[in-house]
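Input sequences plus hints: build the corresponding full structure.
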Amino acid sequence: MNASYRFIMPFLQWVLFLFCLISTLIYTLIVITLRRHRSNALLGGSFFQIVEMQYYSEVLFFIEFSITMRFRKYSSLYTFFEPDTELIGIIPRLVSGFHYYIKIVVYIGYLTFALNRLTSAIKISSYNSVNVSIWTPQLMKNVRIVKWTVPLLGVIPTHAWPGFTYWFIVTSTSIRLTNDSLSTALVAYVDGICCLGTCIFCMVCYSATCFLIRKNWKRVRNDSVFQKNAAQSAAERSLLVSAILSFVVLILNTAVQVVTILISWGGATTLLFVQDLSYPMIDLMYSHFPWALLVTSGVLRKQMIYDTKIFLRTAFKLDDASVNTIRVGHTVSPATQKTTNKTLA
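Counting in my numbering, the sequence shown runs from 214 upward without gaps.
To be clear, the hints were calculated from the coordinates, so they are not data collected in a lab. Note that the structure is predicted; figures quoted are calculated from it, not measured. Using N, Cα and C, we set each Cβ at its ideal position, and we do this for glycine too. Mixed in with the good hints, there may be bad ones.
To be verified - Have a look at the derived ranges for each label pair, beta carbon to beta carbon:
{"id": "1", "residue 1": "Gly479", "residue 2": "Arg427", "range": "43 to 49 Å"}
{"id": "2", "residue 1": "Cys423", "residue 2": "Leu234", "range": "30 to 36 Å"}
{"id": "3", "residue 1": "Ile335", "residue 2": "Ser394", "range": "44 to 50 Å"}
{"id": "4", "residue 1": "Pro223", "residue 2": "Trp380", "range": "31 to 37 Å"}
{"id": "5", "residue 1": "Gln351", "residue 2": "Phe224", "range": "48 to 54 Å"}
{"id": "6", "residue 1": "Thr298", "residue 2": "Ser394", "range": "20 to 26 Å"}
{"id": "7", "residue 1": "Ile358", "residue 2": "Leu242", "range": "50 to 56 Å"}
Here's what the structure looks like:
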């Protein structure tokens with residue numbers, strides 16, 4: 214082992230890692246806020262329950278990618294090993310398998326958001342009601358089971374087959390994860406098909422959702438049965454916008470995936486630079502959503518600001534006048550405000 218080991222990465226990789234770390238911390242604060250205010254019709258609705266569900270998969274994705282991919286490839290971990298050696302065993306297989314497993318778990322999260330927004334448009338007045346509820350606790354439980362078990366069907370055949378070989382190659386500058394040509398192609402196709410299929414499915418769902426919402430807005434103007442107040446309509450639009458913003462990230466990731474496959478076939482040689490975007494795109498997959506939620510969901514944003522003010526007052530023993538010098542947020546918790554209908558989440 215090289216005694217002069219230092220944990221060094223390129224500046225850009227440090228920037229990306231720190232940005233994702235900050236995003237994860239904000240994501241954690243969002244989930245804490247949601248768990249504390251589940252009794253609120255908005256923050257306790259099905260959309261934000263799916264947000265919490267997606268949080269665990271994306272945080273796990275961040276940890277996995279940082280340790281097994283970014284640090285392995287860009288840090289000085291290679292100095293622990295002799296150069297020009299190959300490490301064959303179960304570890305390379307597990308590293309590759311878990312990486313693609315958690316990616317498919319995240320893809321299923323995108324599908325769940327799209328279905329949730331579609332059902333909100335189809336049954337806009339009852340999908341989160343007490344008597345008629347599509348997203349019941351039992352359904353949520355089933356979604357969790359599907360989310361964490363179905364991806365095994367795409368990973369086990371490509372990583373458990375003993376005829377496939379996975380190994381680490383230690384060079385003088387990095388540790389490379391590689392595998393035989395057949396398993397490489399199969400893994401790329403499975404990942405690409407899952408990503409492209411998710412993108413197409415979400416595109417259909419969001420197109421239908423936008424059509425139905427536009428149709429419902431016309432009915433609201435003419436039919437008092439479907440009338441809702443301005444705050445409710447704005448909240449529903451904001452949740453749809455946050456989901457669509459997340460979908461845009463999926464589209465970008467799909468484009469990178471497709472171009473990468475074309476390059477592997479010997480085509481799209483003018484787009485070789487796209488391969489350099491693979492790591493930033495993965496970073497964007499698990500770091501964008503907390504920012505999208507903060508930008509689009511005013512209720513969540515105000516609740517977090519209010520909770521922060523309460524925390525500061527408690528932690529630093531400040532009086533009300535000192536806390537109120539922070540000219541943001543509410544002096545009354547948004548979670549205590551009346552919400553007349555649970556269709557908002």
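Evaluation of the provided hints:
no.	hint	verdict
1	Gly479 - Arg427: 43 to 49 Å	holds (44 Å)
2	Cys423 - Leu234: 30 to 36 Å	holds (34 Å)
3	Ile335 - Ser394: 44 to 50 Å	holds (46 Å)
4	Pro223 - Trp380: 31 to 37 Å	violated (25 Å)
5	Gln351 - Phe224: 48 to 54 Å	holds (49 Å)
6	Thr298 - Ser394: 20 to 26 Å	holds (21 Å)
7	Ile358 - Leu242: 50 to 56 Å	violated (28 Å)
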